[in-house]
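Please model the entire structure based on the sequences and the hints provided.
Same order as they appear, the protein sequences are chains A and B.
First residue of the first sequence: 1102, per the working numbering; consecutive thereafter.
First residue of the second sequence: -11, per the working numbering; consecutive thereafter.
In case anyone wonders, no lab produced these hints; they're calculated from the structure.
Every residue gets a Cβ at the ideal spot worked out from N, C-alpha and C, and that includes glycine.
There's no promise every hint is true.
Restraint ranges, calculated between C-beta atoms of paired labels, are given here [to be verified]:
hint	chain 1	residue 1	chain 2	residue 2	range
1	B	142	A	1389	24 to 32 angstroms
2	A	1318	B	241	36 to 44 angstroms
3	B	44	A	1410	19 to 27 angstroms
4	B	121	A	1315	29 to 37 angstroms
5	A	1302	B	209	49 to 57 angstroms
6	A	1410	B	86	49 to 57 angstroms
7	A	1389	B	72	47 to 55 angstroms
8	B	44	A	1193	54 to 62 angstroms
9	A	1358	B	90	35 to 43 angstroms
10	B	112	A	1389	47 to 55 angstroms
11	A	1425	B	207	32 to 40 angstroms
12	A	1288	B	142	21 to 29 angstroms
Which stretches of chain A does chain B cover? Using the computed rule of at least three CB atoms under 8 angstroms from a CB of chain B, they are [as the list claims (entries may be wrong)]:
hint	stretch
13	1328 to 1334
14	1395 to 1407
Taking lysine to any residue pairs in the SDA-like style, the calculated list, with each CA pair at most 20 angstroms apart, reads [said to hold, decoys possible]:
hint	chain 1	residue 1	chain 2	residue 2
15	A	1304	A	1346
16	B	43	B	94
17	B	78	A	1370
18	B	43	A	1390
19	B	78	B	131
20	A	1304	A	1275
21	B	43	B	131
22	B	78	B	137
23	B	43	B	122
24	B	47	B	102
25	B	47	A	1334
26	B	78	B	55
27	B	43	A	1334
28	B	78	A	1325
29	B	78	A	1340
30	A	1304	A	1172
31	B	47	B	98
32	B	78	A	1324
33	B	78	B	139
34	A	1304	A	1146
35	B	43	B	87
36	A	1304	A	1278
37	A	1304	A	1142
38	B	43	A	1317
39	B	43	B	26
40	B	47	B	196
Here is what each chain is made of, one letter per residue.
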Amino acid sequence: MIKTWNVHRTHLLILLALSLASIARGQNFGVHSDWSWDQTTGYVYVHAQTWADYSFSYYYNLYAQTQVYTGSAWVCTQGNWGTPTANVTCSTYVATGCAGPPSLTLTTFHEVAPTYYLPGHGYSDAYGVSLIRQSPYSASTQSWPSPGYAQYIGSPVAFSTGTQQNQGSTCFSRPTEETSYYNSWGTQGYTLAGVFAMSLAGKQNYYNMLVQESFSNFTDLCYLPGSPYSPLSSPIPSPPWTVSANQYAYDNIGMRNDQAGWIRYYQEAERTCGWNVLQSMSIYMDNQWQTYQSHWSAFQLTGYPNNPSANRVGAYRDTASGWIYWQ
Amino acid sequence: MRQPGSTIWDVIRNAVAAIIAVGAVTSPAALAQSGSAQTITSPRPLADAADLLQKEYLKPVTYEDPVWIWPGDLATRDNAQNARWTLFPKNRSFAVPAEANAAQTPALNPALIAAVVQAYEGQNDAPTFLVTASGLGVHIVPAQVHDAGGQLVAAANALDVQVAIPIAQRTVTQHFQAICDGVSASTGTPLRFNAAGVGPFWLDRLFVSGQAAQQLSFSWGASGVTARAALVELMTRSATALSWRLFCQPSTTAQDRFCVLNVLPVR
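Have a look at this one:
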């Protein structure tokens, strides 16, 4: 089930009112950021802004920067300078098809930097308003102490702040594909079955997740009315596999050793036949099993009563297959 | 991966693809429904009736073949020139009594199965069958069969023989195999075991679920009882209701005759 994800929008507004007797107009600046994620396209949209009123911006440059952490990488790392506002927008693909939003962390940075340069003194504040000297920022009052006098600064960064927002849910992206590889013919207890390896591909790492199989549409194509062997029943699913790597498990497709008589009987009956079954693979995510692929698995035997050395058995899993001579 | 240059395998692969595309389903018996009664036509119509009733009532109804000897009971499959196994029980038909369903007869009981067998025998010649009951379910067992000359004689049923299975730790398959080995030794006609399903630990997973099936072995044995009673006792240990079909392969030569104990879940 795909949950509807409401656009997440967060505003962070910091207002700083500077009460300066020598400046009649308001001297305000603030920061703002918002973002959203589209589960259909898988894109995250980010916007950050640093703003100031005209008088303030006249003497200061503004900067806004965004970056989003997906859990494995930083994306949307972009920044812009601007006057009287600095804006930065970014959109980029992160994940789709999830039952919830991606696990994302948005971090924005906002700077206010003085632009007046006093020769011999570096950057300074002509109005005696420095956001540098007075520090630190008071998180409890969301304000800075009253500004003091201009002074030399070694860095153009006069003021910066950051905001951080987290999307609380975890994103699950079902595997887009499971690929089967014929590994070998079975040994020991599985000498009548092909051994297949499976690998998962998708938008995320499936490490430690559970994968299980289910079966439908099983058909015993060897059965002949009157045969002493009853029509075979469908496989019973194995217990779930725990994904240890993207190539996560081995699957035996074929017959058990105790069924050698069944194979030999139909080989002696000069048959080319077997069974096939629709094997559906599911992964446990977002508190439920979600099917990500169905494919046919099959077993085949070929019998030549007058030339038994040519008898074969083979196994299929999806598009992969393997066989041996067996009599 | 796929073996290169294998023309025979290509043929097999294409055959599988064609079968999948068509969605072919092998039907064990031809069923025809007229009014409220079904007519079954197959080499073993009573076995197919047992399948129907098991599915209807979800209770075990077992079936056992006689050892087929008389040519008059047999038919030949001649479309495989080199095949070893060309003889099968000939097709027979009978109309299943209309009351053989849960709507008209809510509970499965030996009387209902006896009525089905009586209907079969009323519409066919020998072999004839008996109906017995056990703690597992209801059993359809051969009563009279044709001997080699076509004369009716009392059936010598494989599962009527006494077995002595030493108590030992075995897997589920090994326990069933031990019963079959005991029967084979007593009758001289091989009784093969077939857990009639696909996949590793298929039978074990009918006995217990989950990972435990892969390590399942337990101590069991039987002595002084018939093979049928031993089967009943063993099957009652399963978490899933089990049933059996004992089918026999005819042959013109006695040494080629064998029977198969097919064990399958009730569903």
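Next on the checklist: For residue 43/B and residue 26/B, compute the direct alpha-carbon distance and say whether it is at most 20 angstroms.
Outcome noted: 15 angstroms, holds
Item to check | Pair hint outcome, residue 1304/A versus residue 1275/A [Cα-Cα no greater than 20 angstroms] | outcome: Measuring from Cα to Cα gives roughly 8 angstroms; hence the hint holds.
Next on the checklist: Hint check: residue 78/B vs residue 1325/A, CA-CA at most 20 angstroms. Holds or violated?
Outcome noted: 13 angstroms, holds
Checklist entry - Is it true that residue 1358/A and residue 90/B lie within 35 to 43 angstroms of each other by Cβ? => result With a Cβ separation near 39 angstroms, residue 1358/A and residue 90/B satisfy 35 to 43 angstroms, so the hint holds.
Checklist entry - Taking only the CA atoms, is the gap from residue 47/B to residue 196/B under or equal to 20 angstroms? => result 19 angstroms, holds
Checklist entry - When you take the CB atoms of residue 44/B and residue 1410/A, is the distance between them in 19 to 27 angstroms? => result At 47 angstroms between Cβs, range violated.
Item to check | Outcome for the supplied range 21 to 29 angstroms, where the beta carbon pair is residue 1288/A and residue 142/B | outcome: 48 angstroms, violated
Item to check | Pairwise hint evaluation, residue 102/B against residue 47/B, where the allowed Cα distance is 20 angstroms at most | outcome: Roughly 15 angstroms between the alpha carbons, so the hint for residue 47/B and residue 102/B holds.
Checklist entry - Given the hinted pair residue 78/B and residue 1370/A, is their alpha-carbon gap at most 20 angstroms? => result This hinted pair holds, its Cα atoms lying about 17 angstroms apart.
Item to check | Pairwise hint evaluation, residue 1142/A against residue 1304/A, where the allowed Cα distance is 20 angstroms at most | outcome: 13 angstroms, holds
Next on the checklist: Is 49 to 57 angstroms respected by the C-beta to C-beta distance linking residue 1302/A and residue 209/B?
Outcome noted: At roughly 51 angstroms between Cβ atoms, residue 209/B and residue 1302/A fall inside 49 to 57 angstroms, so the hint holds.
Checklist entry - Are there three or more residues in the stretch 1395 to 1407 of chain A whose C-beta lies within less than 8 angstroms of some C-beta in chain B? => result With 8 residues close enough to chain B, the hint holds.
In summary, the numbered hints that this structure violates are 1, 3, 12, 18, 21, 29.
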